[in-house]
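Please build the complex by placing chain B on the supplied structure of chain A, with the hints as guidance.
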Amino acid sequence: MSPVGAPALLEVQIAHKAFVTASGARLDVLRDLAFTLDPGELGAFVGPSGCGKTTMLKIVAGLDADYRGRVVLPAAAKLGMVFQEPRLLHWRTVEQNVRLVAAAATADRLAELFHMLGLWEHRTHYPGELSVGLARRVALARALAIEPDLLILDEPFASLDAPLARRLRDELAALVDRLKITTMLVTHDVEEAIGLADRLFLLSARPAHILAEIPIAMRRSERSPNEIASIKDEIARQLRPLAT
Amino acid sequence: MLRLASLALLLAIWWLGALYAGEQMLPGPVTVLDAIIAEARSGELFLNLGATLLRVALAFALAMAAGTAIGLLMGRVAIADRVGDPWLVVLLNLPALVIIVLAYVWGGLTETAAIAAVAINKLPNAIVTVREGARALDPGLDEMARVFGMARTTVLRHVVLPQLAPFLAAAARSGLALVWKIVLVVELLGRPNGVGFQIGVAFQLFDVTRILAYALAFVGVMLSIESLLVQPLERRVSRWRARVA
Chain A
1 MSPVGAPALL EVQIAHKAFV TASGARLDVL RDLAFTLDPG ELGAFVGPSG CGKTTMLKIV
61 AGLDADYRGR VVLPAAAKLG MVFQEPRLLH WRTVEQNVRL VAAAATADRL AELFHMLGLW
121 EHRTHYPGEL SVGLARRVAL ARALAIEPDL LILDEPFASL DAPLARRLRD ELAALVDRLK
181 ITTMLVTHDV EEAIGLADRL FLLSARPAHI LAEIPIAMRR SERSPNEIAS IKDEIARQLR
241 PLAT
Chain B
1 MLRLASLALL LAIWWLGALY AGEQMLPGPV TVLDAIIAEA RSGELFLNLG ATLLRVALAF
61 ALAMAAGTAI GLLMGRVAIA DRVGDPWLVV LLNLPALVII VLAYVWGGLT ETAAIAAVAI
121 NKLPNAIVTV REGARALDPG LDEMARVFGM ARTTVLRHVV LPQLAPFLAA AARSGLALVW
181 KIVLVVELLG RPNGVGFQIG VAFQLFDVTR ILAYALAFVG VMLSIESLLV QPLERRVSRW
241 RARVA
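Protein sequence lines correspond, in order, to chains A and B. Numbered per the numbering used here, the first sequence spans residues 1 to 244. Numbered per the numbering used here, the second sequence spans residues 1 to 245.
Chain A extracted, bound-state conformation (with noise of 0.2 Å):
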């Protein structure tokens, strides 16, 4: 999918994965599951629940390295990973959970990060005295403090309310037009996919393959609940076919 000259920032190809259950059966989880994302890229991965996103990131997080195939990432690039719970150290504050992980991010940085998340006046706050959604605006800022090369998002809006959801969601599609970080996002949340992916990459049910790859050539600013209902048929339209 890269135009000639700039290569991929992740090339992934995921041949097979498998879990044995408690009981010894084996359950296939990704079969066959290739995509390659560019430089600045946002790829938003849609799939029913259960159909092993959240075991993909892992692998592609480095952190499951028992499956049959390769996932290609710049030596020495810097991982930035949302989880789908915000994992914070209780026994830090927000700014020393931040530091933790990013000791070499300057003051001002992680000054204009906490501004940008609104943040900055939880900073000295531990995570225990927070919120849901503050706690996963943390997570965020945790994940940007570092500058990643590529940025991993595990259903961040998740069990959060639907009006909190949607700020968070316009804030971070804002954060990405300015940042360009290449990002893999997770969701089962399609409308939430649509309002921020470059590209769109619908998941099959278990064991998990790349239905389809939708680009999204609109500007994320200009998505309007309207537009993004539309591009939403408009892909319902298209797989109809492949649905049946």
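Please note: incorrect hints may appear among the correct ones.
Some chain B residues close to chain A (C-beta under 7 Å, calculated; not the full set) [unchecked claim]:
| no. | residue |
| --- | --- |
| 1 | G140 |
| 2 | L141 |
| 3 | E143 |
| 4 | M144 |
| 5 | V147 |
| 6 | F148 |
| 7 | H158 |
| 8 | P162 |
| 9 | W240 |
Restraint-style ranges between C-beta atoms, simulated for each label pair [said to hold, decoys possible]:
| no. | chain 1 | residue 1 | chain 2 | residue 2 | range |
| --- | --- | --- | --- | --- | --- |
| 10 | A | A205 | B | D138 | 27 to 33 Å |
| 11 | B | I79 | A | R70 | 26 to 32 Å |
| 12 | A | V71 | B | L92 | 45 to 51 Å |
| 13 | B | A66 | A | G118 | 45 to 51 Å |
| 14 | B | R157 | A | D32 | 38 to 44 Å |
| 15 | A | S131 | B | R241 | 16 to 22 Å |
| 16 | B | L161 | A | G24 | 34 to 40 Å |
| 17 | B | A66 | A | R99 | 29 to 35 Å |
| 18 | B | G140 | A | Q96 | 15 to 21 Å |
| 19 | B | L92 | A | D32 | 51 to 57 Å |
| 20 | A | Q13 | B | E234 | 50 to 56 Å |
Listed below are the simulated SDA-like cross-link pairs for lysine to any residue, each with C-alpha atoms no more than 20 Å apart in a straight line [claimed, not checked]:
| no. | chain 1 | residue 1 | chain 2 | residue 2 |
| --- | --- | --- | --- | --- |
| 21 | A | K78 | B | M150 |
| 22 | A | K180 | A | D149 |
| 23 | B | K181 | B | A170 |
| 24 | A | K58 | B | G140 |
| 25 | A | K78 | B | L141 |
Hints listed in this document are in silico derivations from the structure and should not be mistaken for laboratory results. Note that the Cβ used here is the ideal one computed from N, Cα and C, for glycine as well.
Coordinates of chain B only, in the frame set by chain A:
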């Protein structure tokens, strides 16, 4: 307030018991206090308390350090747990007295043998507690640390140890109480000074006053360590918890 009243009640029962049993069998609080003051004046008290305290500190530090390392390993690595568990069961069920006597037989009546014997007695206890803590470590935080490429020492210090803190505190609390009791036995059996040695001498002379004087003086020392060192440290380590709304 209630604690003070409870303590006063204990003193009153002691005093009444002394009246009933006679000074020979159970000297009263005032007699024991006089004995403590006399021992303090001669300097004997501080010498013996100091010797015991030093042994407690060394054995405690040794057992906690080794116990934390082994407990972490056994809690995190399945093979280490399977290999180490039978040893642990043997060690847990070996009577303190056996370990002490064997240490003196094999190592001679030396300070090293004494401290090693106490540390080995405390060790399985620390391992079991820390192992539980290591098993309860959050795998999610572990993954987070790996994705962000944290250095091993950073992970240990800022991710693992804070999660272990409650378990380490529990091991330290029960450990301190256990260690000082065993140190007294070790001193009784093979050391020329310390609270245990003094109590041994007093036992031979049926000097109950002296036994109580040394025991209570040392309980006082341990209580001050608990309230001046252990509790403030616990508060500091868990300060993030106190602020949770």
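Cross-check of the supplied hints:
Interface restraint check for G140 (chain B): the shortest CB-CB distance to chain A comes to about 5 Å, inside 7 Å, so the restraint holds. Because the smallest distance between the Cβ of L141 (chain B) and any Cβ of chain A comes to about 6 Å, under 7 Å, the interface hint for this residue holds. Because the beta carbon of E143 (chain B) sits about 5 Å from the nearest beta carbon in chain A, less than 7 Å, this interface hint is met. Residue-level restraint check for M144 (chain B) holds (minimum Cβ-Cβ distance to chain A is 4 Å; threshold 7 Å).
A cut of 7 Å between beta carbons decides the hint on V147 (chain B): the least distance to chain A is about 5 Å, and the hint holds. This hint holds: F148 (chain B) has a C-beta 4 Å from the nearest C-beta of chain A, less than the 7 Å allowed. At about 6 Å, the closest approach between the beta carbon of H158 (chain B) and any beta carbon in chain A falls short of 7 Å, and the interface hint on this residue holds. For P162 (chain B), the interface hint holds, the least distance from its beta-carbon to any beta-carbon of chain A being 4 Å, beneath 7 Å.
Given the 7 Å rule on beta carbons, the hint for W240 (chain B) holds: about 5 Å separates it from the nearest Cβ of chain A. At roughly 30 Å, the beta-carbon separation of A205 (chain A) and D138 (chain B) lies within the given 27 to 33 Å, and the hint holds. In this structure, I79 (chain B) and R70 (chain A) meet the distance hint of 26 to 32 Å, their C-beta atoms being roughly 30 Å apart. Between V71 (chain A) and L92 (chain B) the CB atoms are about 46 Å apart, so this pair conforms to the stated range of 45 to 51 Å.
Taking the beta carbon of each, A66 (chain B) and G118 (chain A) are about 47 Å apart, inside 45 to 51 Å as hinted. At roughly 43 Å, the beta-carbon separation of R157 (chain B) and D32 (chain A) lies within the given 38 to 44 Å, and the hint holds. In this structure the hint that S131 (chain A) and R241 (chain B) lie 16 to 22 Å apart at CB holds, the actual value being about 18 Å. For the pair L161 (chain B) and G24 (chain A), the supplied restraint of 34 to 40 Å holds, since their beta-carbon distance comes to about 37 Å.
As the Cβ distance of A66 (chain B) to R99 (chain A) is approximately 32 Å, the hint placing it in 29 to 35 Å holds. In this structure the supplied range 15 to 21 Å holds for G140 (chain B) paired with Q96 (chain A), their Cβ-Cβ distance being about 18 Å. As the Cβ distance of L92 (chain B) to D32 (chain A) is approximately 53 Å, the hint placing it in 51 to 57 Å holds. At roughly 52 Å, the beta-carbon separation of Q13 (chain A) and E234 (chain B) lies within the given 50 to 56 Å, and the hint holds.
For the proposed pair K78 (chain A) and M150 (chain B), the alpha carbon gap of about 12 Å is at most 20 Å, so the pair holds. Between K180 (chain A) and D149 (chain A) the alpha-carbon distance is near 10 Å, which keeps this suggested pair within the 20 Å criterion. The straight-line distance between the Cα atoms of K181 (chain B) and A170 (chain B) is roughly 17 Å, inside the 20 Å bound, and the hint therefore holds. Of the pairs offered as hints, the one joining K58 (chain A) and G140 (chain B) holds, with about 12 Å between alpha carbons and a cut-off of 20 Å not exceeded.
In summary, the hint linking K78 (chain A) to L141 (chain B) is supported, as the alpha carbons are separated by about 18 Å, within the 20 Å threshold.
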